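Sequence lines, in order, name chains A, B and C. Numbering of the first sequence is given in numbering that gives the first Met the number 0, commencing with residue 0 and proceeding in unit increments. Numbering of the second sequence is given in numbering that gives the first Met the number 0, commencing with residue 0 and proceeding in unit increments. Numbering of the third sequence is given in numbering that gives the first Met the number 0, commencing with residue 0 and proceeding in unit increments.
Heads up, some of the hints might be wrong.
[Claimed, not checked] Pairs of lysine to aspartate or glutamate, EDC-like flavour, derived with a Cα cap of 20 Å:
{"id": "1", "chain 1": "A", "residue 1": "K14", "chain 2": "B", "residue 2": "E46"}
{"id": "2", "chain 1": "A", "residue 1": "K83", "chain 2": "A", "residue 2": "D149"}
{"id": "3", "chain 1": "A", "residue 1": "K83", "chain 2": "A", "residue 2": "D124"}
{"id": "4", "chain 1": "A", "residue 1": "K14", "chain 2": "B", "residue 2": "E41"}
{"id": "5", "chain 1": "A", "residue 1": "K14", "chain 2": "B", "residue 2": "D43"}
{"id": "6", "chain 1": "A", "residue 1": "K83", "chain 2": "C", "residue 2": "E220"}
{"id": "7", "chain 1": "A", "residue 1": "K14", "chain 2": "B", "residue 2": "D37"}
No lab work stands behind these hints, which were simulated from the structure alone. Fair warning: this is a prediction, and the values are worked out from it, not measured in the lab.
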Amino acid sequence: MVNWHRLANPTSFLKWSRRVLPWASVTTVILLAAGLYLSLFVAPPDYQQGETVRIMFVHVPSAWMALFTYAVMAGASATGLIWKSPLSHLTAKAAAPIGASFTLLALVTGALWGQPMWGTWWVWDARLTSVLILFFLYLGYIALWEAIDDYTRAAKSTAILALVGVVNIPIIKFSVDWWNTLHQPASVLRMDGPSIHPSLLVPLLVMGGAFTGYFIVVLLIRLEREILARQAQVLRRAQLRS
Amino acid sequence: MEPVSEFLHMGGYALFVWPAFAVAAVVLTVLLVWSIRDLRRERDLLESLPRRRSKAQPAEAEDDS
Amino acid sequence: MTTFLQIVARDVRLAFRQGGATMLVVVFFVLAVALFPLGVGPETAVLRRIAPGVIWVAALLAAMLSLDRLFQVDFEDGSLDQLALAPLPLELVAAAKCLAHWLSTGLPLVVISPLLGVLLELNGEAHAALLLAMAAGTPALSLVGGIGAALTVSIRRGGVLLSLLVLPLYIPVLIFGTGAIDAAAMGLEGGAHLLVLAALLAAALPLAPWAIAGALRLNLE
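The following block holds chain A by itself, in its conformation from the complex:
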């Protein structure tokens, strides 16, 4: 059993993290190799979309991770505000660039899928629009961290922003969905078929696993960096005082 309480202590967390990292990396590489093999060689071309359906195997996991990362960020922000654990704020900070990258990927691969399927790089489809807004939320969060010099103030301010964002995401999603049904051009093909065939679902899930593994690996690396940076900051200040 992992002793969660001890993990909240940065030093013991680093020990744990350095033990876990190799295993997480190996698992991610294996999942990624399997996922790429399944999605490029095994999965059959779709009868409607042809080979472009393979774009789904990077697009959909990216979109999943874009949302999942925000959930991690908001959860970490909430625990940071409530229990004042220093590690939580750093986790949220470390996660943000990963989430922004996944969101960017979801947008770019969505455009690359849209061009052959819809005949245009971009449509103001409800999902694409929501993901675009999510991207701006990430950028705002990262920019606020950068803008405030004092660590404690930055940590708490960004935590409040992340929580305000998480309250707003369902509202934004709802309004964009609703807006889209009004303005949806009739010719647009729906991206989501009636139900997804297992021959596509299995590669999709494996790729989803690989992306999750990648998230964990990069999160641990970035988190260690944030912890060390914070230690250096505290150390420097202590030396200045003495």
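Given chain A's structure and the hints, the job is docking chains B and C onto it.
For chains B and C alone, coordinates are given in the frame of chain A:
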């Protein structure tokens, strides 16, 4: 058509399928490399700081407000 | 309660005096809307079609313009510290500041908006919807914007950052505000949109002052 070139051809959609995978590879690799580089830099920086209080671990990032 | 009203009255007075925020915001609003016919051409059909969106986008930007000074002036001259020590909870101080912001910028926008409807040749039924939607939507803008203003209060030149934080959160108000006017312009029942706008306001009313007070406390510690 040869199997390899047929595979690369992607049923005529090569121009979209491969860039999608390539973009994903590039973005995820760049983020990983950046993260590792930042970590290395931070480690070196921490090493270079003279540790006067060698025993006291400054690990607990106490709230300083 | 008297403290609450004092804060509101003081802020409103400051905004109206000084040749201050109110005048600038209204001029900006009218000017921004007036640029559109010059950009897209004077065709009635086109203007009428884009009028709701144009007016709302201009309203979002106008409301945002005056946000960065919402708490910053008080923060810099120390009166925010005094307000925090007042018997009134900081949440209510935040609500008072947002109310004052709405009275001094949101309400003038509501009042001037029929004129812009006329400029963009909005038809008769849509005018009532425009007024109602603006009346229900602009208070939400002041409340949500207040969160951004509180988070960036200690940041010098935080204006651009503030817009990055606040504009995505304004999107639901934009969508439903525009929707209400669009529906009325097409002769449909726009009541549902107005109800959603009212619901957004009802949700922001307790939550935003709470978040604002939290953000302000960080900066006062």
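(request) Sort out whether B/E41 lies within 20 Å of A/K14, counting only the CA atoms. (result) holds, 17 Å
(message) Given the hinted pair A/K83 and A/D149, is their Cα-Cα distance within 20 Å?
(response) Roughly 16 Å between the alpha carbons, so the hint for A/K83 and A/D149 holds.
(message) Hint check: A/K83 vs C/E220, CA-CA at most 20 Å. Holds or violated?
(response) Holds, at about 16 Å.
(message) Can you confirm whether the C-alpha distance between A/K14 and B/E46 stays at or below 20 Å?
(response) This hinted pair holds, its Cα atoms lying about 17 Å apart.
(request) Quickly compare the C-alpha distance for A/K14 and B/D37 to 20 Å and report which way the hint goes. (result) holds, 19 Å
(message) Next pair to validate is A/K14 with B/D43; report whether the Cα-Cα distance is within 20 Å.
(response) Distance of about 18 Å is within 20 Å: holds.
(request) With a cut-off of 20 Å on the C-alpha distance, tell me whether A/K83 and A/D124 pass. (result) Judged against 20 Å, a Cα distance of about 40 Å means the pair is violated.
In terms of the numbered hints stated before, the structure departs from hint 3 and from no other.
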